[in-house]
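A.B. asks: Below, each chain spelled out in residue letters.
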Amino acid sequence: MKEARFQVYRGDAKAGKLQEYTVAVEEGMVVLDAIHRIQAKDAPDLAVRWNCKAAKCGSCSAEVNGKPKLMCKTRLDDLPLEEPVVVKPMKTFPVVKDLVCDVSWNFEVNKRIPKFTPRKDREWRWMQEDIDRVQEYRKCIECFLCQNVCHVLREHGEKPGFAGPRFLVRVAGLETHPMDAGNRTKLLKDEMGIGYCNITKCCTEVCPEDIHITDNAIIPLKERVVDEHYDPVMKVIRLFTGGSNKKEG
Amino acid sequence: MSARETHDYDVLVIGAGGAGLRAAIEASAAGAKVGVICKSLLGKAHTVMAEGGVAAALAHVDPKDSWKVHFRDTMLGGKLLNHWRMAQLHAQEAPERVRELERWGAVFDRTKDGRILQRNFGGHSAPRLAHVGDRTGLEMIRTLQDEGVHQGFDVFMECTVTKLLKDGDRVTGCFAYRRENGRFLLFRAKAIVLATGGIGKAYKVTSNSWEYTGDGHALAYEAGAELIDMEFVQFHPTGMVWPPGVMGILVTEAVRGEGGILRNSKGERFMEKYDPKRMELSTRDMVARAIYTEVKEGRGSPHGGAFLDISHKPADYVKKKLPSMYHQFKDLADVDITTTPMEVGPTTHYIMGGVRVEPDTGASTVPGLFAAGECAGGMHGANRLGGNSLSDLLVFGRRAGLGAAEYAKKTGPNPPLDDRQVQAAEREMLEPFERSGSSPYDVHQRLQECMHSLVGIFRVEEDMTAAIAEIGRLKEDAARVRVTGSREFNPGWHLAHDLRSMLVCSEAVARSALTRKESRGGHARLDHPNLDPEQGRRNTVVRRDGESMHVSQSPLPEMPAELRAIVDAELEAVKV
Ligand SMILES: Cc1cc2nc3c(=O)[nH]c(=O)nc-3n(C[C@H](O)[C@H](O)[C@H](O)COP(=O)(O)OP(=O)(O)OC[C@H]3O[C@@H](n4cnc5c(N)ncnc54)[C@H](O)[C@@H]3O)c2cc1C
Ligand code: SF4
Ligand code: SF4
Ligand code: FES
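Line by line, the protein sequences give chains A and B.
The working numbering applies: residue 688 is where the first sequence begins, and numbers increase by one.
The working numbering applies: residue 7 is where the second sequence begins, and numbers increase by one.
For the record, the hints were derived by calculation from the structure and aren't laboratory data.
Just so you know, these numbers come straight off a predicted model, no measurement behind them.
Glycine included, every Cβ here is placed at the ideal spot set by N, Cα and C.
A hint or two may mislead.
[Stated by the list, open to error] Rough simulated footprint, nothing fancy, chain B against chain A, three-plus residues with beta-carbon under 8 Å:
id	segment
1	732–741
2	784–793
[As the list claims (entries may be wrong)] Covered stretches of chain B (chain A as the covering partner; in silico rule of three or more C-beta atoms under 8 Å from a C-beta of chain A):
id	segment
3	142–149
4	374–386
5	435–447
6	524–538
Based on the provided sequences and hints, a complete structural model is requested.
C.D. replies: Written out as structure tokens, the structure reads:
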């Protein structure tokens, strides 16, 4: 039977190293299967998160051969098995142990986003076309891979000032909801630091849900912030039409 | 007592899936101080994986649908073993619970006139499942999470409860550990709601995650509560069968709801033989047994399943209505479902049995202990209809949250926790580090083999007796398993404890299955292949008696005449 070598990060925030394991390869196997085999055979205390094993829960994020991936969706067929497969935890967040890192910061950011506020003046009816975009944002499985690759969070340690792409996607989902009456442009500008994003699109590239994070979420939100906060003409128009124009994006 | 981290709540909810979150939202709204504990991160519970939809008689697609029709379908699907009152409340309240999700921001697919769209599912006689493509559970859990975050309840993520603590008869708190660092913590609460989900990890082939080890069932059992109808395990007819690593992963029933056709290796549409009227949209127990039989009789697909084909529908339609199935097969099996049939076979999916509760409040038979969602029993009888779980979580999650909050209001301050119980719970957790027995992974694997081959889709007395004997041996081995490494995020250690829960549940399933000498819904016996009207009027009840498991039968609650009439009208057609 074919075998593959794996180098898996073992350790915690203070110290750790890559440990090598050999795994028998079966047809159609994914990286998470290999990690589970290592657990069952060689390293019962190897820490890893997973739930669905089908790319639906966003638990098993890691860096496989340096690329941010869901381990349950990364097939061994697609990796060069002549070389050892290197599996490390996401780099942007502090390591708890082995492949598990502390992503609690993300849950704190989420709490600061005011919830959906339904309009009172409209019937709960809308067309499918009106929500295709909202549903795109709502596909997010909170794998935090976009947070992991975004250089603002990864290299510059801007965590307090920048909410990161995941939460810009979340706000886009609220702002474009046909029944939402809230306005989060001030939040976007002042607290979520949307200005820090310089549209490198790295987040979009890694999103396992194929959400067009930059084009469909961040850029329209940036435009909205500019419109509302820097454009006096728009402000006047808004005064007369009574509310923000919710159709864009 | 030592200075252990301790938290005090009016209502403590164990589990943060749909049922737990809905309970927490309601209990908070009723003014209780609420804490929520979950084994994974927030938003990763099973509910997130639900695909096909949530059942509610909104009557948006078929105006003739109503709660009465939904009630009847549910009772017939459950082969009349359901608690009538739960089925009634569920059918009556599900529409409002779904509309409420919409008011909290959920974005369901739409009908042409702009209302919530509904799709067909097995056993439902009208298109009834509100859905979002095939990621309905994600929409639901995220909506509850985002609503819940602003309710002000505390969430303890990656914490596992291992014991309920009692004062006399009454539950007063629990013992837990944090996965991250292995530290222990204590909770004191006036009322506890169990919302821990199912037991699927006791089986080899399953759609369930590592969390589904039946902890809530076992916690309740050990605290003295009654479990009912544990023999009823649902094998979902369509799990992936290939490649090996994904064996058991769910293929949503929505594929059949959207028109998917099942064929055997000879190209025959075999459901014609088993249920010519409803075909692929027959109930899950029927379809699972049909596929199993086709494979057993030599008409299976190359990897031991049946073919499920949706490729006669336009590719764009398939991608729009079943996007995650499209990707799942493309990414994991190299199969393009818009052109090629899928290979599917039965997978352990859901447990109908669970903690016996009062329908209106979710109260168990132990004072202060409530249960809702998959870990509660009674709602689904002998077989659950697809889509009826997500609605169950909303309806009974809310009711249990309310029931617990009201109970808490009437209860005096929490008595101090009993140090003896706490120390025993702690000892139980620490012992595996000092032992020299086998690895928990080995014991788990043996249990999965045992349940899979001896208490699976078709059952016979000899097999189940053998299973009970094997479970006895496994219990001894589980009590000797050895854990290596530290207490920090140590999956081997976690499994060592989860094994205990799985063994309690497995024993309850096997003993209950042995007791029910008939075939009904999810419970099929080769040695008793027919329905027995006499046993059909009884629940199976499991309860702890010292160190042994006591099994008995108790009469079903009497259904009021007006509800009986709703069911009777259709009874003949489905041969219950
Ligand atoms: C792949 C899949 C698809 C499905 N599709 C559908 C569908 O389309 N429609 C439908 O109606 N149903 C569907 N179901 C069934 C449905 O999703 C589940 O029955 C339902 O989500 C269970 O919800 P719950 O709230 O009871 O438990 P869960 O959502 O599983 O939550 C259980 C919670 O309890 C916590 N927990 C467990 N033990 C402990 C412990 N010891 N200490 C602390 N916390 C603990 C867990 O961490 C988790 O937070 C599907 C199931 C699966 C697996
Ligand atoms: S586009 Fe913006 S959010 Fe995305 S990775 Fe680049 S800087 Fe970060
Ligand atoms: S937006 Fe995409 S990459 Fe980011 S957390 Fe959500 S699913 Fe993951
Ligand atoms: S395990 Fe759920 S996304 Fe990988």
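A.B. asks: Now tell me, hint by hint, if it's right for this structure.
C.D. replies: Hint check:
no.	hint	verdict
1	732–741	holds (count 10)
2	784–793	holds (count 6)
3	142–149	holds (count 3)
4	374–386	violated (count 0)
5	435–447	holds (count 3)
6	524–538	violated (count 0)
Checked against the numbered hints above, the structure breaks hints 4, 6 and satisfies the rest.
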